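Chemist: Since each chain comes alone in its own frame, lean on the hints to assemble the complex.
The listed protein sequences correspond, in order, to chains F and P. Per this note's numbering, the first sequence runs over residues 3 to 114. Per this note's numbering, the second sequence runs over residues 8 to 120.
It is worth saying that the hints were derived from the structure and are not from the lab. Small disclaimer: the values here were computed from a predicted structure and weren't measured. A portion of the hints provided could be inaccurate.
[Claimed, not checked] Listed below are the simulated DSS-like cross-link pairs for lysine-lysine, each with C-alpha atoms no more than 30 angstroms apart in a straight line:
| no. | chain 1 | residue 1 | chain 2 | residue 2 |
| --- | --- | --- | --- | --- |
| 1 | F | Lys-51 | F | Lys-70 |
| 2 | F | Lys-63 | F | Lys-51 |
| 3 | P | Lys-31 | F | Lys-51 |
| 4 | F | Lys-113 | F | Lys-63 |
| 5 | P | Lys-85 | P | Lys-31 |
| 6 | F | Lys-63 | P | Lys-85 |
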Amino acid sequence: AQSVTQPDIHITVSEGASLELRCNYSYGATPYLFWYVQSPGQGLQLLLKYFSGDTLVQGIKGFEAEFKRSQSSFNLRKPSVHWSDAAEYFCAVGAFAGKSTFGDGTTLTVKP
Amino acid sequence: DAGVIQSPRHEVTEMGQEVTLRCKPISGHNSLFWYRQTMMRGLELLIYFNNNVPIDDSGMPEDRFSAKMPNASFSTLKIQPSEPRDSAVYFCASSLDRGQPQHFGDGTRLSIL
Numbered sequence: 003a004q005s006v007t008q009p010d011i012h013i014t015v016s017e018g019a020s021l022e023l024r025c026n027y028s029y030g031a032t033p034y035l036f037w038y039v040q041s042p043g044q045g046l047q048l049l050l051k052y053f054s055g056d057t058l059v060q061g062i063k064g065f066e067a068e069f070k071r072s073q074s075s076f077n078l079r080k081p082s083v084h085w086s087d088a089a090e091y092f093c094a095v096g097a098f099a100g101k102s103t104f105g106d107g108t109t110l111t112v113k114p
Numbered sequence: 008d009a010g011v012i013q014s015p016r017h018e019v020t021e022m023g024q025e026v027t028l029r030c031k032p033i034s035g036h037n038s039l040f041w042y043r044q045t046m047m048r049g050l051e052l053l054i055y056f057n058n059n060v061p062i063d064d065s066g067m068p069e070d071r072f073s074a075k076m077p078n079a080s081f082s083t084l085k086i087q088p089s090e091p092r093d094s095a096v097y098f099c100a101s102s103l104d105r106g107q108p109q110h111f112g113d114g115t116r117l118s119i120l
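Bound-form chain P, shown alone (with noise of 0.2 angstroms):
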């Protein structure tokens, strides 16, 4: 069974430009979450879902962040305008059901110049 798919799992752009990652979550898990993980501030959720629904976004660093889950088989965290600060790994994971085990992708390294 193909586990949480991220992609690109690498990206470089230049500061001022739209960043757009993606996440495919296994197949029949209700609960999405993506992370920021860094060295100086380590693993932070940034939001998560429930059948498709955010249910938490309390994480979400500024206005300039946005996560959306069309259908229950993919998930977008958008950064626009993006800023150096944003450079990090974003990861996504996905669980059965909110409190269960979480699965985790292998995440996408972002460099803004």
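With the rest of the complex left out, here is chain F (with noise of 0.2 angstroms):
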């Protein structure tokens, strides 16, 4: 069975400052892996995705994340976080045939 670890439930960076949000995931074969960001009183949006190829993928709002097979991890990295990136991340495992399974969420506190 597919699943997902996102190990920080709540994280404080201060503006400027760079960011990581860590996730490891479970699945048997080659993940299709996401993350996603919630604001508050809104549904969750997409900021980037893998599939396959090139390990090191760039997302929306100056985001990128790093798939890394032999840790199993799809970390989410920001050089400089803005004030306006406070919200919640999940992370999620997926499968060409099959429904996503989303982490429990990380929390960014962004300082001023």
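Modeler: Right under this line is the structure:
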């Protein structure tokens, strides 16, 4: 069965600092991997996705993520965080013919 | 292009009443998902459809919950009778196909008194 672990429930960073959100997955084959962001009162929005190919993927809003098969990880990064990045972030794993499984989310707080 | 449209945005009702949540997926999307989100349990997949057919309803909590997708452009999630513990935000999402990225609606905030 597929599963996703986001080890950090809550992360606080200062505006302008770099960010890394961790995601570890369990899946028997090559997974589809996603990062979503949820702002208060809204649904989840796709930030980026990995299906195959280049292991470093670029997304919207200046985010990127790196797929590391040996570590079963798909960590999300941003070099310089903006106050508007404060939100909840979800990692998800899926497959071509199956549903996605979401992690429990990481809440990001940005200090001025 | 319009995104996933959910209605109502907010619903407050008394326990025992029937509640119907509605969803219009993005045109051309073949898969539709219903989720429930609470502080205690996080984001839970209730049921998903592919080509209007229910594929996996293992997340539906009880027989009080039912979902239908009569055509490619409309789905409902019904709770009958409703209970206070059903209070949550319910999201509908659609995707081109099962494994593809999902597009979420803004959710229905349901409060059962």
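Chemist: Run every hint past the structure and note whether it holds.
Modeler: Taking the hints in turn, this is what the structure says about them:
A distance of roughly 14 angstroms separates the Cα atoms of F/Lys-51 and F/Lys-70; the hinted pair therefore holds under the 30 angstroms criterion. At most 30 angstroms may separate the alpha-carbon atoms for a hinted pair to count; F/Lys-63 and F/Lys-51 meet this at roughly 14 angstroms. With a C-alpha separation of about 24 angstroms, the suggested pair P/Lys-31 and F/Lys-51 falls inside the 30 angstroms cut-off, and the hint holds. Simply put, F/Lys-113 and F/Lys-63 have alpha-carbon atoms about 18 angstroms apart, close enough for the 30 angstroms limit, and the pair holds.
Pair hint P/Lys-85 plus P/Lys-31 holds up; C-alpha atoms about 15 angstroms apart against a cutoff of 30 angstroms. A hinted pair counts as satisfied when its Cα atoms are at most 30 angstroms apart, and F/Lys-63 with P/Lys-85 does not qualify at roughly 36 angstroms.
When each numbered hint is compared with the structure, a violation occurs for hint 6 only.
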